Amino acid sequence: MDIVVCVKQVMDADTPPSGFRIDARANDVVSTSGLPPVINGFDEQAVEAALRLKEAHGGTITVLTLGKDLALDVIRKPLSMGADELVVVWDAAFEGGDSYSTAHGLAAAIRKIGTYDLILCGRQASDGDAGQVGPGIAELLGMPCVTFAKSITATDATVRIERAIPDRYEVVEAPMPCVITVSNELGAARYPTLRGVMAARRKQPVTWNAEALGIDPSTVGAAGARTKVLRLFLPERGGECELVAGDTPEQAGKRLAMKLREAKVI
Amino acid sequence: MNDGRGVMVFGEVSESITYELLGIGRSLAAALGEPLSCVVLGSGIRDQARELIAFGADTVSVVDDPLLKDYQADAYVTVMHRLCQEQRPNILLLGQTIAGRDLAPRLAFRLHTGVATDCSELAIDPTSRLLLQTRACYGGNVRATVVCPDARPQMATVRAKTMAALARDDSRTGDVIDLDAGIDASCLRTRIVDESRETATGVRLEDARVVVAGGRGMGGADAFKQLDTLATVLKGAVGASRAACDAGYAPASAQIGLTGKVVAPTLYVAVAISGASQHMTGCSRSKVIVAINKDPAANIFKEARYGVVADYREVLPAFTEMCRELLE
Ligand SMILES: Cc1cc2nc3c(=O)[nH]c(=O)nc-3n(C[C@H](O)[C@H](O)[C@H](O)COP(=O)(O)OP(=O)(O)OC[C@H]3O[C@@H](n4cnc5c(N)ncnc54)[C@H](O)[C@@H]3O)c2cc1C
Chain S
2 MDIVVCVKQV MDADTPPSGF RIDARANDVV STSGLPPVIN GFDEQAVEAA LRLKEAHGGT
62 ITVLTLGKDL ALDVIRKPLS MGADELVVVW DAAFEGGDSY STAHGLAAAI RKIGTYDLIL
122 CGRQASDGDA GQVGPGIAEL LGMPCVTFAK SITATDATVR IERAIPDRYE VVEAPMPCVI
182 TVSNELGAAR YPTLRGVMAA RRKQPVTWNA EALGIDPSTV GAAGARTKVL RLFLPERGGE
242 CELVAGDTPE QAGKRLAMKL REAKVI
Chain Z
2 MNDGRGVMVF GEVSESITYE LLGIGRSLAA ALGEPLSCVV LGSGIRDQAR ELIAFGADTV
62 SVVDDPLLKD YQADAYVTVM HRLCQEQRPN ILLLGQTIAG RDLAPRLAFR LHTGVATDCS
122 ELAIDPTSRL LLQTRACYGG NVRATVVCPD ARPQMATVRA KTMAALARDD SRTGDVIDLD
182 AGIDASCLRT RIVDESRETA TGVRLEDARV VVAGGRGMGG ADAFKQLDTL ATVLKGAVGA
242 SRAACDAGYA PASAQIGLTG KVVAPTLYVA VAISGASQHM TGCSRSKVIV AINKDPAANI
302 FKEARYGVVA DYREVLPAFT EMCRELLE
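Quick note, the sequences are listed as chains S and Z, same order.
Residue numbering for the first sequence follows our numbering, beginning at 2 and increasing consecutively.
Residue numbering for the second sequence follows our numbering, beginning at 2 and increasing consecutively.
No lab work stands behind these hints: they were computed from the structure.
Remember, predicted model here, so these are calculated numbers, not experimental data.
One or more of the hints may lead you astray.
[What the hints assert, rightly or not] The list that follows gives simulated cross-link-like pairs (lysine to any residue, SDA-like), each with its CA atoms no further than 25 Å apart:
(1) S:K265 with Z:K70
(2) Z:K288 with S:G240
(3) Z:K70 with S:M144
(4) Z:K262 with S:D13
(5) S:K260 with S:A246
(6) Z:K262 with S:Y170
(7) S:K151 with Z:R190
(8) Z:K303 with S:S19
(9) S:K229 with Z:P127
(10) Z:K295 with S:T249
(11) Z:K262 with S:R169
(12) S:K265 with Z:L327
(13) Z:K303 with S:A14
(14) S:K229 with Z:H82
(15) Z:K226 with S:R262
(16) Z:K162 with S:A264
(17) S:K151 with Z:Y72
(18) Z:K303 with S:S32
(19) Z:K262 with S:P18
(20) Z:K303 with S:C242
(21) S:K260 with Z:R190
(22) Z:K236 with S:P167
(23) S:K151 with Z:R217
(24) Z:K288 with S:G239
(25) S:K260 with Z:Y72
(26) S:K229 with Z:L133
[Stated by the list, open to error] Covered by chain S, per the in silico footprint, the following chain Z stretches (three or more residues, Cβ under 8 Å):
(27) 13-26
(28) 82-92
(29) 187-198
(30) 311-318
Each residue gets a CB set at the ideal place from its N, CA and C atoms; glycine is no exception.
Just chain S, with the same shape it has in the complex (with noise of 0.2 Å):
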């Protein structure tokens, strides 16, 4: 069983606000804090996906992500977590994309890698928050997909999927190949091992840019987005926060009480 799993590179969504800023002019978030940028988590669960799904199947791993700027140590850890390959795509055709320009770009990819049964993604990624890319990629290349997936499990040529979904249990059954988005309710991403690391280090990423995808330079990046930010801005805070206090905790937690009963919330 052949799996692509797309990743993305982003800020660390633990980022508090005073750890980066907005450049205007830009329209970009710019981090400050020194921390290192991370795998998406959702991401990072949908290897850990693809990794369980290899251990009952056999196959392969490749790992595709889209991005510039890219820290090899951070979008090497699902390499390290026991992923196969690793694919980077880059060209400066496109910068300023939007969800819906990426995810031609990254269809473009996946239509070049060629043999995969089944396309993972995170369900959205902790920077944009659209969770737009995987049901995109699906539309692009005419396969089904299957979102929020809590747990996978395949038999021949279709999966099942048990979708995480509120108040409700729902099984779902895809003929391969489709699109799977995976949520966190998957489980936490397994860690790297040490030997993991090494033989990581050792590999290559393979790199294409627009021209080794063949892809219309116009369907991609600011050229081939259909949304536009026109502004990027801080939410305003919230008011005071008055701190009940008390001799001991038992009686600011009473105070509290009264507070609230004073205050006409309870």
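Please build the complex by placing chain Z with the ligand on the supplied structure of chain S, with the hints as guidance.
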């Protein structure tokens, strides 16, 4: 393709967001001087169409077909794609629901247009007459206003409880149009092989006037039971952070936040929750937020109206008891 006209709402009969979509849709339609339509897909849903008119739609298209009983992407995308090509809306609004999150990107790509997901503010730019779509990104730490300049429809999914529904007005009139789904089972490449609904007990989290939520700092599933007690006293429901759900302290259906539920109760009590932006996304519209956390530097105190800095184990029993006394 720059020839769209009208605002279209993708309605879901079981979701209250449909009324919120009609509310904002009405005001966008008024700003443009264009009509507001609503499309509902399902099986045995025709009776509900009139109600959508009472809540603001000028026309309602009903696509009633057994194949549309459950949301299934292949069927819904096919029907909505055809409908959009026939009706050519200028704007299409969907809810950021389980169906909407899945349908919107699929449909946008098939229509070769863009979509802004999880919007919490929508307006018409008076000069360009474009839909200004404001949404959170970076887990809620950053906001972005985006437009879809050329392609149509301009598509957005809308976060629950960010838009006001109109008051029901049964004197409003409008047309209900029945449309054929025009699909057969062969369009479905995926198949739901097993499904069940959790039967909710007590107050529904999304509708509760009081929500008591616990985080990773609760330390275990047993400790979470103390929150049940408080919720019972306050006639509320219990929610949780993702970290608490991931750790198995609470069921996934209790998760509040960016990828969980959105609540806006009168009172939100956050116990041992750090207040990460992705969590606050789901509760920041609560009237009053109360935080109990042992870390005075926790972000939750930046968002809360009242707080106690202490170990919850020492505060919660006394707080619960006092609430009980006061409410007797
Ligand atoms: C893309 C993305 C989507 C996400 N979606 C969601 C979402 O929908 N919902 C969500 O909640 N999170 C979401 N998260 C995760 C989010 O970023 C946080 O990691 C999570 O909300 C943290 O949960 P927590 O506050 O319970 O845990 P922690 O951040 O670990 O906080 C625990 C808190 O408990 C306090 N504490 C510990 N012990 C005690 C005690 N005895 N008494 C009092 N206080 C104590 C600590 O001081 C701390 O503040 C998402 C993350 C990403 C990247």
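Okay, the hints, checked on the actual structure:
This hinted pair does not check out: K265 of chain S and K70 of chain Z have alpha carbons roughly 44 Å apart, beyond 25 Å. Only pairs whose Cα atoms come within 25 Å are accepted, and K288 of chain Z paired with G240 of chain S is accepted, the gap being roughly 12 Å. Restraint check for K70 of chain Z and M144 of chain S: satisfied, since their Cα atoms lie roughly 22 Å apart, inside the 25 Å limit. The straight-line distance between the Cα atoms of K262 of chain Z and D13 of chain S is roughly 23 Å, inside the 25 Å bound, and the hint therefore holds.
Distance check on the hinted pair: K260 of chain S and A246 of chain S sit about 11 Å apart at the alpha-carbon level, within 25 Å; holds. About 16 Å separates the Cα atoms of K262 of chain Z and Y170 of chain S, which keeps this hinted pair within 25 Å; it holds. Between K151 of chain S and R190 of chain Z, the direct Cα distance comes to roughly 20 Å. Compliance with the 25 Å bound is thereby established for this hinted pair. With a C-alpha separation of about 13 Å, the suggested pairing of K303 of chain Z with S19 of chain S holds against the 25 Å cut-off.
The straight-line distance between the Cα atoms of K229 of chain S and P127 of chain Z is roughly 17 Å, inside the 25 Å bound, and the hint therefore holds. The hinted pair formed by K295 of chain Z and T249 of chain S meets the criterion: a straight-line CA distance of about 14 Å does not exceed 25 Å. Taking the CA atoms of K262 of chain Z and R169 of chain S, the gap is near 13 Å; set against the 25 Å cutoff, the hint holds. Among the hinted pairs, K265 of chain S with L327 of chain Z is consistent with the structure: their alpha-carbon atoms are about 11 Å apart, no more than 25 Å.
At roughly 19 Å between alpha-carbon atoms, K303 of chain Z and A14 of chain S fall within 25 Å of each other, so this suggested pair holds. Restraint check: the Cα-Cα separation between K229 of chain S and H82 of chain Z comes to about 23 Å, which is no more than 25 Å; the hinted pair holds. Our distance criterion of 25 Å between C-alpha atoms is met by K226 of chain Z and R262 of chain S, whose separation comes to about 24 Å. A distance of roughly 24 Å separates the Cα atoms of K162 of chain Z and A264 of chain S; the hinted pair therefore holds under the 25 Å criterion.
The straight-line distance between the Cα atoms of K151 of chain S and Y72 of chain Z is roughly 18 Å, inside the 25 Å bound, and the hint therefore holds. Between K303 of chain Z and S32 of chain S the alpha-carbon distance is near 22 Å, which keeps this suggested pair within the 25 Å criterion. Restraint check for K262 of chain Z and P18 of chain S: the C-alpha separation of about 23 Å stays at or below 25 Å, so the hint holds. At roughly 7 Å between alpha-carbon atoms, K303 of chain Z and C242 of chain S fall within 25 Å of each other, so this suggested pair holds.
The hinted pair formed by K260 of chain S and R190 of chain Z fails the criterion: a straight-line CA distance of about 57 Å is larger than 25 Å. With a CA separation close to 22 Å, the supplied pair K236 of chain Z and P167 of chain S stays within the 25 Å bound. In summary, the hint linking K151 of chain S to R217 of chain Z is supported, as the alpha carbons are separated by about 21 Å, within the 25 Å threshold. For a cut-off of 25 Å, the pair hint linking K288 of chain Z to G239 of chain S stands: about 11 Å separates their Cα positions.
For a cut-off of 25 Å, the pair hint linking K260 of chain S to Y72 of chain Z is broken: about 46 Å separates their Cα positions. Straight-line distance between C-alpha atoms of K229 of chain S and L133 of chain Z comes to about 10 Å, which keeps the hinted pair within the 25 Å bound. Counting residues of the region 13-26 of chain Z whose C-beta sits closer than 8 Å to any C-beta of chain S gives 0, which falls short of three, so the coverage hint is violated. For a cut-off of 8 Å, the count of residues in the region 82-92 of chain Z with a CB near a CB of chain S stands at 0, and the three-residue condition is violated.
With a threshold of 8 Å between beta carbons, the proposed coverage of the region 187-198 of chain Z by chain S holds, since 9 of its residues qualify and at least three are required. Counting residues of the region 311-318 of chain Z whose beta carbon lies closer than 8 Å to any beta carbon of chain S gives 6, which reaches the threshold of three, so the coverage claim holds.
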